[in-house]
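Protein chains: 2
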Amino acid sequence: MTKTTREHILETGLDAISVQGVSRISLGPLAEKAGMSKSGLFAHFRSKEAVQLALLERADALAHERIVEPAMALPPGLPRLEGLVMRWLGWTSRTTLPGGCPVAAALFELDDVEGEIRDAVAKLEADWRDLLSRTVREAVDLGDLSADLDVAQFVWELGAIYLGHHVSFRFTKDPMADARAGLALEALFQRNAP
Amino acid sequence: MTKTTREHILETGLDAISVQGVSRISLGPLAEKAGMSKSGLFAHFRSKEAVQLALLERADALAHERIVEPAMALPPGLPRLEGLVMRWLGWTSRTTLPGGCPVAAALFELDDVEGEIRDAVAKLEADWRDLLSRTVREAVDLGDLSADLDVAQFVWELGAIYLGHHVSFRFTKDPMADARAGLALEALFQRNAP
Chain A
1 MTKTTREHIL ETGLDAISVQ GVSRISLGPL AEKAGMSKSG LFAHFRSKEA
51 VQLALLERAD ALAHERIVEP AMALPPGLPR LEGLVMRWLG WTSRTTLPGG
101 CPVAAALFEL DDVEGEIRDA VAKLEADWRD LLSRTVREAV DLGDLSADLD
151 VAQFVWELGA IYLGHHVSFR FTKDPMADAR AGLALEALFQ RNAP
Chain B
1 MTKTTREHIL ETGLDAISVQ GVSRISLGPL AEKAGMSKSG LFAHFRSKEA
51 VQLALLERAD ALAHERIVEP AMALPPGLPR LEGLVMRWLG WTSRTTLPGG
101 CPVAAALFEL DDVEGEIRDA VAKLEADWRD LLSRTVREAV DLGDLSADLD
151 VAQFVWELGA IYLGHHVSFR FTKDPMADAR AGLALEALFQ RNAP
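Residue numbers (this note's numbering), protein chains in the order written: chain A, 1 to 194; chain B, 1 to 194.
Just so you know, the hints here were simulated from the structure itself, not pulled from any lab data. Since the model is a prediction, treat every value here as computed from it, not as a measurement. Some hints could be false.
[Said to hold, decoys possible] These stretches of chain B come out as covered by chain A in the derived footprint (C-beta under 8 Å, 3 or more residues):
id : stretch
1  : 13-25
2  : 29-38
3  : 42-55
4  : 138-147
[As the list claims (entries may be wrong)] Not the full set, but computed from the structure, chain B residues with beta-carbon under 7 Å of chain A:
id : residue
5  : Leu97
6  : Gly99
7  : Asp112
8  : Gly115
9  : Gln153
10 : Leu183
11 : Arg191
12 : Ala193
Cβ atoms here follow ideal geometry from the backbone N, Cα and C, with glycine treated the same way.
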């Protein structure tokens with residue numbers, strides 16, 4: 001077995017935050033699921049916050065591997081932007097994660113609290129918006145989208161469609177979730193066509 | 001003091017679920033905030049689930065009082081629909097609630113669990129979609145929106161804009177949150193103009 005204990009804890013924990021959310025994770029049950037004692041877990045992470053931060057980092061790394069890297073391999077402009085958005089929507093269901101996107105959930109869990117976990121989530125959200133903004137801007141510069149496009153507004157509406165899809169796909173389990181998001185995206189892209 | 005103890009527990013609890021979410025509420029801290037013992041609280045509610053269900057019901061009653069009743073007093077068609085949507089977006093901030101919408105948060109908290117709390121949230125979400133659908137249909141029937149409008153799609157997109165606004169207003173605290181939602185709504189209504 002080459003997998004380190006730390007790796008094993010993080011894999012188990014990522015499954016847990018995908019289901020329960022990053023705020024509701026408890027170290028006792030996590031240690032138990034990982035097959036160790038709570039003090040064994042504390043040998044690898046100094047605090048609950050350290051575990052939560054490492055799990056958010058791991059979720060981000062997984063999103064980059066599954067969404068960003070394959071999208072960046074596509075030609076810049078509309079193909080890359082559409083590739084990014086289509087891989088983003090419902091992305092956790094195309095991994096081995098048992099639940100939803102822990103960052104999306106944290107945007108509702110942590111809106112009214114302060115602290116380093118909220119700050120880490122805010123950074124992930126801002127970085128994601130930057131990535132989307134750069135990719136939209138590239139499509140504008142290449143003439144694939146209107147030169148008048150408001151990048152921040154376009155990205156805001158992409159985010160709203162992502163959240164709407166998350167709820168209809170994961171919570172209400174609407175068989176039309178993908179189709180509804182597709183129609184909303186089509187309207188957004190058409191409105192901003194060159 | 002005419003307020004019953006049950007009322008007092010529910011008021012305190014509604015503040016708590018607006019901040020923490022309905023899943024993360026604990027009866028110990030709730031009893032303490034309400035100025036009573038945990039066993040005192042159990043004299044009014046037989047279980048944690050009973051408290052959670054009563055709190056969701058109370059959140060729904062508050063939403064009806066603050067959003068639905070004033071909107072229904074407006075003329076049917078576009079005025080009523082727009083009145084409903086504008087009162088819905090960011091509604092908790094126009095009450096004394098200290099946090100966000102507990103139902104919106106629960107759509108992310110409870111997507112991967114089963115049980116009566118999830119069922120209650122699913123019913124509130126479905127009832128809300130029904131109310132929006134009826135109000136959109138009324139605007140179509142009165143000729144205020146296109147006869148070709150897909151009601152389920154229109155309501156899906158309203159829901160996405162609501163969630164996008166919740167995140168940008170409450171989590172990222174974007175001063176442009178209302179303006180961004182307004183532009184997205186304007187585009188949706190224009191696309192479906194008669």
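Discussion item. For the stretch 29-38 of chain B, count the residues whose Cβ lies under 8 Å from any Cβ of chain A; is that count three or more?
Written reply: violated (count 0)
Item to complete: Please verify that hint: B/Asp112, Cβ, nearest Cβ of chain A, below 7 Å or not.
Response: holds (4 Å)
Discussion item. How does the stretch 42-55 of chain B fare against chain A when you require at least three residues with a CB closer than 8 Å, holds or violated?
Written reply: With 0 residues in contact (Cβ-Cβ under 8 Å with chain A), the coverage given for the stretch 42-55 of chain B is violated.
Worksheet item: Quick one, is the B/Arg191 hint okay against chain A at 7 Å, beta carbons?
Response: Hint holds; B/Arg191 Cβ to chain A Cβ min 6 Å, cut 7 Å.
Worksheet item: For the stretch 13-25 of chain B, does the count of residues with a C-beta closer than 8 Å to a C-beta of chain A reach 3?
Response: holds (count 6)
Worksheet item: Mind checking, does the stretch 138-147 of chain B have 3 or more residues with a CB under 8 Å from chain A?
Response: violated (count 0)
Worksheet item: Against chain A, is B/Leu97 within 7 Å by beta-carbon distance?
Response: violated (10 Å)
Item to complete: Under 7 Å, Cβ to Cβ, is where B/Gly115 needs to be relative to chain A, so tell me if that hint holds or is violated.
Response: With a minimum Cβ separation of about 13 Å from chain A (threshold 7 Å), the hint on B/Gly115 is violated.
Worksheet item: Hey, does the B/Leu183 contact hint survive, CB to chain A under 7 Å?
Response: Hint on B/Leu183: holds, closest Cβ of chain A at ~6 Å, below 7 Å.
Discussion item. Interface hint check: B/Gly99, Cβ to nearest Cβ on chain A, cutoff 7 Å. Holds or violated?
Written reply: holds (4 Å)
Discussion item. Hint validation: B/Gln153 versus chain A, beta carbon distance must be below 7 Å. Holds or violated?
Written reply: holds (6 Å)
Worksheet entry | Hint check, B/Ala193 versus chain A [nearest Cβ-Cβ separation less than 7 Å] | Violated, because the Cβ-Cβ distance from B/Ala193 to chain A comes to roughly 13 Å (cut-off 7 Å).
In this structure, the earlier hints numbered 2, 3, 4, 5, 8, 12 are contradicted, and the remaining ones agree with it.
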